[in-house]
Amino acid sequence: MATDSVLVDFDTARRAALTDALLRTGKGDRSAFESVYKATSAKLFGVCLRIFADRNEAEEALQDAFITIWNRAASFEAGRASPISWLVTVTRNRAIDRLRAKGKAGLASLDEAAEIADPVPLAEAQLLSKGEDDLLHGCIDGLDRRDAHFIRSAFIGGATYADLATREGEPLGTIKSRIRRALLKLRTCMEGAS
Amino acid sequence: MTMLDENDVALAAEYVLGLLDAASTVTVEARIATDPLFAAEVEAWRLRFQPMLDGDVTPPAHLWKSIENALPQATGQDVTESKLLFWRSLTGISVSAAAILGILFLQKPDNIPVPAPQAPLIAALGSETGVASLTASYDANTGRMIITPVSLDTGNLYPELWIIPADGTARSLGIVGGKSATAIIVPANLRQYVGSGGTLAITPEPEGGAPGGKATGPVIASGKIATL
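Heads up: the sequence lines are chains A and B, in that order.
Per this note's numbering, residue 1244 is the first one in the first sequence, and the count goes up by one each step.
Per this note's numbering, residue 9 is the first one in the second sequence, and the count goes up by one each step.
Worth double-checking, as some hints may not be accurate.
Said to hold, decoys possible - In silico EDC-like pairs for lysine to aspartate or glutamate, Cα to Cα no more than 20 Å straight-line:
| hint | chain 1 | residue 1 | chain 2 | residue 2 |
| --- | --- | --- | --- | --- |
| 1 | A | Lys1286 | A | Glu1303 |
| 2 | A | Lys1419 | B | Asp29 |
| 3 | A | Lys1428 | B | Asp16 |
| 4 | B | Lys73 | A | Asp1272 |
| 5 | B | Lys222 | A | Glu1320 |
| 6 | A | Lys1270 | B | Asp175 |
| 7 | A | Lys1428 | B | Asp64 |
| 8 | A | Lys1419 | B | Asp13 |
| 9 | A | Lys1286 | B | Glu76 |
| 10 | A | Lys1270 | B | Glu76 |
| 11 | B | Lys73 | A | Asp1307 |
| 12 | A | Lys1347 | A | Glu1302 |
| 13 | A | Lys1286 | B | Asp64 |
| 14 | B | Lys73 | A | Glu1300 |
| 15 | A | Lys1286 | B | Glu51 |
By construction, these hints were calculated from the structure, which means they are not laboratory data.
Extracted from the complex, chain B is given alone in its bound form (with noise of 0.2 Å):
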């Protein structure tokens, strides 16, 4: 953490404001993740130009009855829904969304033979806005997934990686290499998970990674898995 100067103090307020293009929107979102000072000097400005929007009026008294009727139906299983809306809002974008993301593909070389042929999984990860962060992609014969950054800033943090299947509760990859490219051999146990359909993400973390293998960061990437 360092002290913020001028140019940073007006970056937070260019974001407020919602001056900045999505390129820039994406690093100072991952800025605010990972250096409190300047997510104060956000937040400070967000209660400075509040009052531009200051004034009360009550909204017609159908329209809590049209939200509601909009929620997701309530079912049992609150947990796993509870899990899955918490990886959603840190995400910013909902799951399905995650998959407008840019997904690579890989040329795929014809006329060579592999044992039990199972078509390689990959997965862009973006940030909000659609921006590359990094790019995974996975063999399934051997469990060999190959993590390469193209534009991630974890500040003094550390990159750790997640898998969400379907049930929406994450599992950790492990922390990643921020600046090279990190092949992890996935957990025997974990690799049921990494299918298509399944979801990769990226939160900053302390040394070590996340303590009790619970995310104390914000999502600061994620995209879908992708069978090419």
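Extracted from the complex, chain A is given alone in its bound form (with noise of 0.2 Å):
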């Protein structure tokens, strides 16, 4: 399979050009910075933009992603986490805290939050169509509909076990455990078919 092999290399150069930019900005190196926001500026933004469908908001967040980035970066450990995962887990995170700071959070109705995690809402995405990204889609629309869209709007909406208890008026433990059982189904059907 050499054309796996190639695509491989590409990608294996490029994260260990990212790691060695973000551990470089974790010692205060602004170019490297730089290079990292040229680097991964469209992947975050596409992040704020699932999290804010307002654009405004959504540059906010892309803005308050990249100081955070900034000042977090010496975190970074090579070693545990690869660098755009971490990348976007920090710029997630951030704007979910943004939402909850604005009392946004977990208040998507299902159609909503369906229409949020449409894979191609945005007219300029540039989307690549990955195996990995259908995997997730395939096995979410796996699970019952209203697991699926209790995970989206977890992940993508900032509700918490609490605000979905309230938001369905069902007790907390039922929730949860209904939760639970859909993330091992997919968790299963994520790793059988890989």
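Since each chain sits alone in its own frame, please combine them into the complex, following the hints.
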């Protein structure tokens, strides 16, 4: 599979360059930080646009995320996480914090959330069809519709168990155990397929 | 390190999705810091869920300028600054944000004559979400510091206490008990740092303490010292 190995090498080199830039950012290197921005701002802006439908709010969230990245880059441990996973996590968590601070977390209705989670709501998005992408969406679609919605409204809408229990008018324990079952099912689906 | 069961796997997913309340989140973060197998499952869930956030969109060109302008001004004190940043980033909170962590107020006994009265210093060391992990009190006259754990889990590792004064460089105060109170006598050369405004922090470290006096674990609790 020569094609595969070329792809893997390309990804590895890109990951190594990003890891290096992020580690240097952690030491206060501004030009390295700019390289991180150039390499990842489109991806991370996409993350913010998933969480904030409003473009201005998404821009503010992205700015906030990059300042957080600058401040926390020294805590990135190359051996523990991929650089892109770390950057996406910081960005997602900052954006969700902002959403919660605005009192907008966990409020999306089932229809709204489905719309948010649609993989292509953005005309200008440069979407790459990825195997993993299809795998996650395929496995989530295989779950009960409510469970799929709960998972999306937590990850993208910032809903906690307490938010979901309140919104659904169901005991927290009931919500929690059905989501836990769904998560294990999701893992089996994703691990079984890969 | 033990094998993960279904509960652990689901817990890692709940954490990544942000479903948990503040107290459970703290517990999970302490576990991530100390259990590599569990940390790997958390990372695996991050990668599994990441496609939900996919879709590249180039941000407007002016955004980079705004970000650059919002960064602290570059100074000649790169080493100090980066050390401070190191600690801030590890704790996941800024040093000033540490001030919002609950500070315990002890009742100061009235009418008890003390030689050269100096107010006792105390800090509550909390995790990112503000749950107290331990408290510290310090008597400047004797250099004696009492560390009392409230809820501290360092797994197979040992909690090492650090004092971080304004210069941002962490100095070890040694390993403390994770289950019961520990009294330490702060070495004379470090007492100057244990004043108001300093920060106490805990990292999980191997037996015998951080090799070479440099922390290897993440900060799992920190708090600013306050004068009563």
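B:Lys73 paired with A:Asp1272 [C-alpha distance capped at 20 Å]:
holds, 16 Å
Below or equal to 20 Å on CA atoms is what counts here, so check A:Lys1428 against B:Asp64.
-> violated, 29 Å
| message | So if I understand the rule, the pair passes when the alpha-carbon distance is 20 Å or less; does A:Lys1428 with B:Asp16 pass? | response | holds, 14 Å
| message | Just to be careful, I want the Cα atoms of B:Lys73 and A:Glu1300 compared with a cutoff of 20 Å; is the pair within it? | response | holds, 17 Å
| request: For the pair supplied as a hint, A:Lys1286 and B:Asp64, confirm whether the alpha-carbon distance does not exceed 20 Å. | output: holds, 4 Å
### Query
Under the criterion that the straight-line Cα-Cα distance not exceed 20 Å, is the pair B:Lys73, A:Asp1307 satisfied?
Roughly 13 Å separates the two Cα atoms, so the pair holds.
**Asked** For the pair supplied as a hint, A:Lys1347 and A:Glu1302, is the alpha-carbon distance within the 20 Å limit?
**Response** Between A:Lys1347 and A:Glu1302 the Cα gap is close to 17 Å, so the pair holds against 20 Å.
Compare the distance between the alpha carbons of A:Lys1286 and A:Glu1303 with 20 Å, and conclude whether the hinted pair is satisfied.
holds, 15 Å
Next on the checklist: Can you confirm whether the C-alpha distance between A:Lys1270 and B:Asp175 stays at or below 20 Å?
Outcome noted: holds, 16 Å
Check the hint pairing A:Lys1419 with B:Asp13 against an upper bound of 20 Å on the C-alpha distance.
holds, 17 Å
Practice item. With a cut-off of 20 Å on the C-alpha distance, tell me whether A:Lys1286 and B:Glu76 pass. Key: holds, 19 Å
Checklist line | Satisfaction of hint between B:Asp29 and A:Lys1419, Cα-Cα up to 20 Å | finding: holds, 12 Å
Of the numbered hints listed earlier, the single one contradicted by the structure is hint 7.
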